[in-house]
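Work out the full structure: start from the sequences and follow the hints.
Residue 355 in numbering that gives the first Met the number 0 sits at position 356 of the sequence shown, and the numbers go up by one each step.
Please note that the accuracy of each hint is not assured.
In silico DSS-like links for lysine-lysine, alpha-carbon gap of 27 Å or less [said to hold, decoys possible]: (1) 399 <-> 367; (2) 399 <-> 377; (3) 234 <-> 394; (4) 305 <-> 321; (5) 201 <-> 184; (6) 399 <-> 291; (7) 394 <-> 321; (8) 321 <-> 399; (9) 291 <-> 321; (10) 228 <-> 367; (11) 394 <-> 367; (12) 201 <-> 189; (13) 305 <-> 399; (14) 291 <-> 305; (15) 104 <-> 93; (16) 109 <-> 129; (17) 234 <-> 321; (18) 46 <-> 59; (19) 228 <-> 321; (20) 50 <-> 34; (21) 84 <-> 98; (22) 46 <-> 36.
Read the hints as simulated data drawn from the structure, not as lab findings. These numbers come from a predicted model, not from an experiment.
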Amino acid sequence: MSKILILLSVLCLAPHAACAQQPAKPAESASAAQKDKTRTQLLNDEKDELKAQYDLMLQKQRNKLAEVEAEYNRLNTENRLSSEKAVSDLALLKTDLDKAASENKLADEKLKAAGGAQNSELQKLLVENKLADETAKKNMADIAAQLGRLKLSNDLQTERLREQTMSDAKEKSAIDLELKRLDLKERKLKIDKMAMDSRVDKINSDLSMRAKKEEWKREANTEPVYTQKPFSDGKLVVSDRRIALNGPIFNGSADEVTDRIHYFNNISSAPVFIVIDNSPGGSVMSGYRILKAMQASRAPVYVVVKSFAASMAAVITTMADKSYVYPNAIILHHQMSSMNWGNMTQLKEQLDMARQWEQRLHVPVAQKMGVTMDQLRKMMYEHNSDGDWQEFGDKAVGYKWATAVVDRIEETGLIKNPDALPAPRPDPRSYYGQLEEKTDDKGQRFAQLPRLDPCDFYFIYNPDRYYR
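Below, the structure is given as structure tokens:
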């Protein structure tokens, strides 16, 4: 507002200042007049703008003043209404107070009337209380006397209890002392028992250690050696996958060998070894079962001859995929021989059956040697007048009866001391239990071979008729 007034004052004073100036030259006067006109026009425009702003500000002030007056009127009206309501509430409150005062006055009158009756009752109660006090004093005296008598009686009883307690304590002390003595004895017994148990434990420990040492000594404490190439540089390594084939071959021995071949196949495919220490041969049916089990085996089956393999045992050795012999072991091949009984037709049938077995067992041997059966039969008699062609191991390899000669055989599967093992009882179903040695009337020892099954033949080397 003040800024607008100042500008108006300047505008009013400007013409007078212009008039007070000295007259100028015509050209300068015209230029000055133009400048004054422009300046005047700018001042007029600024004045108009300031006037408009002033009018707008004045209008805002009026509007604000109108709002304030409206708010004042509203508050004044609310205050008036509140005052009227307060006056009305005050009148009601005064009426209630007057009513309460009247009621209080009436209650006071009733209380005074009741107070008189209560005073009379109070006097009566005081008299009764005094009489009751006298009676109570008399009763208290009687009770005090009775308490005195009871106290004397209690003191006497207490003294008796004290004497009894002292007696019980003495007896308890004696019992405790005896219990401590017994406990001491029990502890001594326990200590003695512990010492005895300790000595017994030490003895048992020594015995157990001694037994363990003996058990340790009964075993080699090494693991068998399993290798897919057990033969190298004249040495053969035999594991515990080992099957012994000794003595005559028949049902019992065939069961022993074939069952173990199948069992070892169910464990792994490591090589299986059939070790022949001494076998004269035996049943062609049983030997054929062993050959078929060898051929069906998933694991390679190697035959090892340490001393003697004849007849059916020689066929098993020759027909094995690989067989190994000591240089001085003997392999013996000969023709099948048998004792037949019956009429001519039956004898012819038995001869035909024997020829068929020869075709099935001996012809493959001839084929492996690279000769015919007739040539093999002729060679048998060329080497021995009885037809019992035998060769040492190193010579047998040259005839392809065995694969190779071994100089050393390592039995890695024999890890227990044979002397420490209990002697097995012969099983009557096995070939060990069936061949019991006997003596005939002439004093000659012999072993009775088991009865052959139908269509079976003994292919056995028996020059001294030990097997009968």
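Hint check, failures only: 16
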